[in-house]
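Asker: The numbering of the sequence shown is our numbering, which starts it at 3 and goes up by one.
These aren't lab readings, by the way, just hints derived from the structure by calculation.
Be careful, since some hints might not be right.
Restraint-style ranges between C-beta atoms, simulated for each label pair [unchecked claim]:
1) T114 x E24: 31 to 41 Å
2) G113 x A18: 31 to 41 Å
3) P42 x T79: 31 to 41 Å
4) T138 x E24: 32 to 42 Å
5) R106 x R86: 32 to 42 Å
C-beta atoms are modelled at their ideal positions from N, C-alpha and C, and glycine is treated no differently.
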Amino acid sequence: MADDTALLTALRAIQARGAIGEGSLEAAVAHADQFVAALPAVAQTLADLGSGGGLPGLVIAWRSPRLRITLVERRATRADLLLRAVRALDMVDRVTVLADDVRRLADQAAGTFDVVTARSFAAPPITARWAGVLLTSGGTLIV
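Sequences are here, hints too, so could you generate the full structure?
Answerer: This is the structure we're talking about:
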C-alpha cells in the first residue's frame, strides 16, 4: 500500500478548516479509492466537479500520477484550500484548481476530458448534463 502520510496531512489541514466533515479521513480515502478503481486505464485527463475538500479529487490525483486533473470548486475559500494541498503534495505540474463555476470550464474546455468525477456535485440530471459537455466522445462519468 502506498504511503499516504502526506495525503492525510493535507486532508487534515482541509478538515481543520471545516471543508471536510469530522469523520475518519482513512475511511474517506478508502471511499475515494473506489473512484480510483473505476478509472479507465487509458484515461489521461480528468475533471472533478464540486471538488470541495478534495474528496475524491485529491485522492485520485495522489494515486494516479499519469492523469492531468482539473479540480473545479466555485467557493473561493475551498478552492484556496485545494490549491494549498496541491502545492503541499507537489502536484502543481499536473493538477489545476479552477475557482469558478463549472460553466466556465465548459466554455473553455468542452469535450476535452476522458473522465469526469463528481461526489456531491448536484442532482443526477445536472451532473450528467455538465459531464456530457466536458467529456470526450466515449468518455467516462464516475459518480
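Asker: Against each hint, give a clear statement of whether it holds in the structure.
Answerer: Status of each hint after checking the structure:
{"no.": "1", "hint": "T114 x E24: 31 to 41 Å", "in the structure": "36 Å, holds"}
{"no.": "2", "hint": "G113 x A18: 31 to 41 Å", "in the structure": "38 Å, holds"}
{"no.": "3", "hint": "P42 x T79: 31 to 41 Å", "in the structure": "33 Å, holds"}
{"no.": "4", "hint": "T138 x E24: 32 to 42 Å", "in the structure": "38 Å, holds"}
{"no.": "5", "hint": "R106 x R86: 32 to 42 Å", "in the structure": "21 Å, violated"}
Hint compliance for this structure: hint 5 alone is broken.
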